[in-house]
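K.L.:
So the chains spell out like this:
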Amino acid sequence: AQSVTQLGSHVSVSEGALVLLRCNYSSSVPPYLFWYVQYPNQGLQLLLKYTSAATLVKGINGFEAEFKKSETSFHLTKPSAHMSDAAEYFCAVLYNQGGKLIFGQGTELSVKP
Amino acid sequence: DGGITQSPKYLFRKEGQNVTLSCEQNLNHDAMYWYRQDPGQGLRLIYYSQIVNDFQKGDIAEGYSVSREKKESFPLTVTSAQKNPTAFYLCASSIVRDTEAFFGQGTRLTVV
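Those protein sequences? They're chains A and R, same order as listed.
For the first sequence, counting from 1, position 65 maps to 61 in the numbering used here; every step adds exactly one.
Count along the second sequence from 1, then add 102; that gives the number in the numbering used here.
No wet-lab data here; the hints were simulated from the structure.
Any given hint might turn out to be false.
Stated by the list, open to error - Straight line, CA to CA, 25 Å or less: simulated DMTMM-like cross-link-like pairs of lysine to aspartate or glutamate:
#, chain 1, residue 1, chain 2, residue 2
1, R, Lys111, A, Glu84
2, R, Lys185, R, Glu202
3, A, Lys96, R, Glu164
4, A, Lys65, R, Glu174
5, A, Lys64, R, Glu202
6, R, Lys111, R, Asp161
7, A, Lys96, R, Glu117
8, A, Lys65, R, Glu126
9, A, Lys54, R, Glu174
10, R, Lys111, A, Glu62
11, A, Lys64, R, Glu117
12, A, Lys54, R, Glu202
13, A, Lys96, R, Glu171
14, R, Lys111, R, Asp140
15, A, Lys45, R, Glu164
16, R, Lys159, R, Asp140
17, R, Lys172, R, Glu202
18, A, Lys108, A, Glu84
19, A, Lys45, A, Glu62
20, A, Lys64, R, Glu164
21, A, Lys54, A, Glu84
22, R, Lys111, R, Asp132
23, R, Lys172, R, Asp140
24, A, Lys45, R, Asp161
25, A, Lys96, R, Asp140
26, R, Lys173, R, Glu117
27, A, Lys96, R, Glu174
28, A, Lys45, R, Glu171
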């Protein structure tokens, strides 16, 4: 079955430290990939998306993600964490145009001062 | 402004009652989705629709029903058959031939 796995339900970093949130998908066929962010009691906001144009994708708020086909991964990074980055992050996969958007379990990011 | 509007933001229901959650979009998107969010379980797809008057079950459709009579509207009914309806419900939409999904602000349903 098609699936998305986010490693680590909770990640804690210090302000100014590197943020790395992991995402792996389960298909050998490159899908469309997304990272979303959710603040408490709100909907999801798109951070960035991969649609095969480039393997390194830059998003909003200084985040970026790299698509690695050999590892079936799409990890999210940010060089320096800010307190405002504390939120829940979701990786999502779309395997064909107009198909179902499948989400990972989410990773809650905490940023310590 | 274009976007997706979910209402109400908070909803309380007595056990045994049906309740309908509203989702309206003015983005002219063909596809619409309903997700349920529970702590630690991510987002689970309830129903989705790619065109007016057509919809498909997602992974957890039991106890829910939907309609898609208009392109801009995709209401979700939580029936009394849903055994554990307390959750955060999110509606989303996308252009069928594109990939990005836009989300509403969610409705938090509590059974009392």
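K.L.:
Check whether the Cα positions of lysine 45 (chain A) and aspartate 161 (chain R) lie no farther apart than 25 Å.
P.N.:
24 Å, holds
K.L.:
Between lysine 54 (chain A) and glutamate 174 (chain R), does the CA-CA distance stay at or below 25 Å?
P.N.:
31 Å, violated
K.L.:
If you draw a straight line from the CA of lysine 172 (chain R) to the CA of glutamate 202 (chain R), is it 25 Å or shorter?
P.N.:
Distance of about 21 Å is within 25 Å: holds.
K.L.:
Given the hint that lysine 185 (chain R) pairs with glutamate 202 (chain R), test it: the Cα-Cα distance must not exceed 25 Å.
P.N.:
The hint is violated at about 32 Å.
K.L.:
Measure nothing beyond the straight line between the CA atoms of lysine 45 (chain A) and glutamate 164 (chain R); if it is 25 Å or shorter, mark the hint as holding.
P.N.:
The given pair, whose Cα atoms are some 31 Å apart, is violated under the 25 Å limit.
K.L.:
Quickly compare the C-alpha distance for lysine 111 (chain R) and glutamate 84 (chain A) to 25 Å and report which way the hint goes.
P.N.:
At roughly 20 Å apart (the allowed maximum being 25 Å), glutamate 84 (chain A) and lysine 111 (chain R) satisfy the hint.
K.L.:
For a C-alpha distance cap of 25 Å, please report whether lysine 96 (chain A) and glutamate 171 (chain R) respect it.
P.N.:
21 Å, holds
K.L.:
For the pair we were handed, lysine 111 (chain R) and aspartate 132 (chain R), check the Cα-Cα distance against 25 Å.
P.N.:
24 Å, holds
K.L.:
For the pair supplied as a hint, lysine 54 (chain A) and glutamate 84 (chain A), confirm whether the alpha-carbon distance does not exceed 25 Å.
P.N.:
Holds: lysine 54 (chain A) and glutamate 84 (chain A) sit about 19 Å apart, inside 25 Å.
K.L.:
Is lysine 65 (chain A) within 25 Å of glutamate 126 (chain R), Cα to Cα?
P.N.:
37 Å, violated
K.L.:
Assess, step by step, whether the Cα of lysine 96 (chain A) is no farther than 25 Å from the Cα of glutamate 117 (chain R), and give holds or violated.
P.N.:
Roughly 31 Å between the alpha carbons, so the hint for lysine 96 (chain A) and glutamate 117 (chain R) is violated.
K.L.:
For the pair supplied as a hint, lysine 96 (chain A) and glutamate 164 (chain R), confirm whether the alpha-carbon distance does not exceed 25 Å.
P.N.:
18 Å, holds
In this structure, the hints that do not hold are numbers 2, 4, 7, 8, 9, 10, 11, 15, 20, 23, 26 and 28, in rising order.
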